[in-house]
Amino acid sequence: MRASDEVELKMLYYMKLARELETRIERKLYRQGKIVGGVYVGRGQEAISVGSVIHSRSGDVISPCHRDMGAFLIRGVSPGRILAQYMGRKSGLTRGRDGNMHMGDLKHGLIAFVSHLGDSVPVAVGIALSFKLRRQPNVEFCIFGDGATSTGAFHEGINFASVQQLPIVFICNNNQYAYSTPLRLQMNIKRVAERAAAYGIPAETIDGNDVLAVYETVGRAVERARSGGGPMFIECVTFRMTGHSAHDDARYVPQEAFQEWAKKDPILRLEKALKKKRLINGQGLKELDERIAREVDEAVEWAEAQPYPEPQECLENVYYAPELEGAKTNA
Amino acid sequence: MPPVTYLEAIRQGIWEEMERDERVFILGEDIGVYGGAFKVTEGMLERFGESRVIDTPISETAIVGAACGAALMGMRPIAEMQFIDFISCCFDMITNFAAKSRYRWGAGIPIVVRGPCGGGVHGGPFHSQNVEAYFFHTPGLKIVEPATAYDAKGLIKAAIRDEDPVLYFEHKYLYRLPKLREELPAEDYIVPIGKAAVKRKGRDISIITYGAMLHVALEAADTLQQEGIDVEVIDLRTLLPLDEETILNSVAKTSKAIILHEDTRTGGIGGEIAAIISEKAFEYLDGPIVRVTAPDTPVPYSPPLEEFFLPNVPKLLKAARELAAY
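Protein sequences, first through last, are from chains W and Z.
Just so you know, we're using numbering that gives the first Met the number 0 here: the first sequence kicks off at 0 and counts up by one.
Just so you know, we're using numbering that gives the first Met the number 0 here: the second sequence kicks off at 0 and counts up by one.
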């Protein structure tokens with residue numbers, strides 16, 4: 000399953016938009032004190048969420064984690080609302096109730112994850128279960144990192160998915176570090192994909208910085224799931240080009256690794272491939288970058304003007320209240 | 000309708016909701032082919048099929064997590080914990096995912112997590128617990144515990160229809176207790192969540208209780224009546240949110256309160272109820288707020304140990320007589 004030219008250009012746009020947005024978040028707004036708390040970006044890993052989620056259709060559901068900005072953008076969440084979310088404004092996706100990437104929107108089929116990584120997996124499995132029980136031709140895209148695969152929740156989840164042969168694609172962002180913990184302290188196997196065999200799930204390990212490879216492999220997995228073929232596990236090998244969070248300088252990572260992986264940057268690689276196919280040239284890229292920078296500028300301006308929630312709102316929405324249904328979070 | 004046991008009432012409630020609403024389905028260990036460890040779900044697999052009655056692996060986190068996911072997609076899952084003691088295995092899923100979901104991102108999770116609680120059946124430490132205290136502290140959850148067949152059916156229906164995550168605790172000692180058999184209304188009814196019930200009107204002492212202890216209180220009440228002590232017995236039915244109004248109205252009337260729960264003492268919900276009464280009904284009190292509870296130990300197995308552990312009629316009588324004389 001190869002990407003069409005149009006899709007390749009779309010993927011370039013989304014990867015660049017994710018990169019620019021997160022750069023603005025981490026290197027500008029956070030350092031200016033306009034974003035407080037934690038900031039977790041997916042720099043260098045953009046190909047994984049973009050190359051996967053671009054396959055999603057209406058009715059499909061995505062369970063992303065904090066490195067998956069591309070997922071939110073592709074599913075239609077505006078940069079402005081993402082920034083409002085980061086800045087704790089009322090018009091963020093959680094109305095200030097939760098921060099940074101802990102956001103979701105059922106209308107766009109995006110599930111808000113919790114900090115307890117791994118917990119997203121059984122929930123994603125339940126979503127896929129609902130597709131099966133109701134005979135809906137939809138697919139769940141469950142994206143998580145290498146570290147999350149150590150949790151009990153992950154193992155219980157994928158086991159159940161396999162027993163029930165559910166329409167779910169497990170996409171592992173193996174960026175080789177979980178905070179400061181390298182892969183060799185996280186697991187005693189060479190590839191995360193080896194875990195899938197224990198659950199009877201077919202698995203592949205691919206270059207997570209090659210968005211065309213991600214597109215092709217996940218595309219196959221999605222088709223298989225959608226036609227009733229059950230789950231697949233796709234390990235996307237990449238590298239976390241930042242610290243775990245904005246306040247982590249990642250000094251525990253051998254610094255040569257950053258240099259080595261910078262050469263394999265997913266955006267540069269796609270640009271090169273598209274130039275070779277003459278789908279874009281230097282001028283086109285410059286214009287694209289400028290367009291994206293403007294798009295993010297406007298989003299920042301909009302988000303900064305958004306009001307904070309009223310302090311009293313702290314007490315609202317713990318339980319269902321019919322009168323609040325009209326003023327739902329994700330209006 | 001012939002009289003039914005407390006357990007049969009729960010089964011009827013689940014069955015009727017499954018007939019009524021195709022979004023409802025059940026999942027858990029041994030609930031399908033086996034009909035459940037206590038047979039609550041007996042017959043459901045034959046009637047509703049594999050797509051609505053799902054036998055799961057031993058994976059409480061996946062059971063409840065999957066229930067959350069299906070609920071987000073608009074279904075109405077009922078997740079069974081074979082013994083409610085196993086709910087600790089999915090503590091995170093309940094307290095951090097289900098309970099906080101509406102608050103965080105406006106996505107309600109209408110799941111029911113149900114299972115048998117309580118002791119008195121020689122179950123030992125892991126088949127006899129009362130776990131409400133662990134979850135009482137978690138905003139976003141609802142907790143109910145019926146003490147009669149009527150309430151069991153009404154509350155399970157209410158729980159299934161509720162838009163929020165409800166923990167539904169069934170006291171296993173009550174499951175087949177003959178004296179709890181009763182005829183239930185033929186027509187559809189629910190018992191509203193958040194409303195306690197005055198199960199015995201009285202003037203002298205309010206006994207606030209729930210679950211199997213309701214019947215300890217009612218039995219003690221008869222004895223106390225003969226001694227001229229007229230107790231009012233309140234069955235909480237819902238533990239979270241507490242029906243403060245019913246509790247406070249009763250204490251305002253009687254001026255003396257005993258909180259009776261089978262759960263252990265420290266951190267049991269009795270402490271919270273006592274604090275509420277003290278804060279809001281202080282002027283009415285003619286004596287200290289008394290708690291009759293199990294001691295702070297795991298539930299022991301050997302019969303003399305368990306008998307020592309469990310609150311019972313003699314212990315309640317002693318407390319009530321002392322308070323009456325205060």
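Keep in mind that a hint or two might mislead.
As a list, the in silico DSSO-like pairs of lysine-lysine whose alpha-carbon atoms are at most 30 Å apart [to be verified]:
id	chain 1	residue 1	chain 2	residue 2
1	Z	Lys279	Z	Lys252
2	W	Lys89	Z	Lys99
3	W	Lys106	Z	Lys252
4	W	Lys285	W	Lys189
5	Z	Lys200	Z	Lys252
6	W	Lys106	W	Lys9
7	Z	Lys178	Z	Lys99
8	Z	Lys200	Z	Lys156
9	W	Lys131	Z	Lys38
10	W	Lys27	W	Lys189
11	Z	Lys200	Z	Lys279
12	W	Lys9	W	Lys189
13	Z	Lys198	Z	Lys252
14	Z	Lys314	W	Lys131
15	Z	Lys198	W	Lys106
16	Z	Lys200	W	Lys33
17	Z	Lys178	Z	Lys38
18	W	Lys33	W	Lys271
19	W	Lys285	W	Lys263
20	W	Lys262	W	Lys274
21	W	Lys131	Z	Lys279
Which bits of chain W does chain Z cover? Going by a derived footprint, with three or more residues having C-beta under 8 Å, they are [said to hold, decoys possible]:
id	stretch
22	97 to 108
23	147 to 159
24	249 to 259
No wet-lab data here; the hints were simulated from the structure.
We treat Cβ as the ideally placed atom computed from N, Cα and C, and that holds for glycine.
Broken hints, numbered, in rising order?
Violated hints: 3, 4, 7, 10, 12, 14, 15, 16, 18, 21, 24; rest satisfied.
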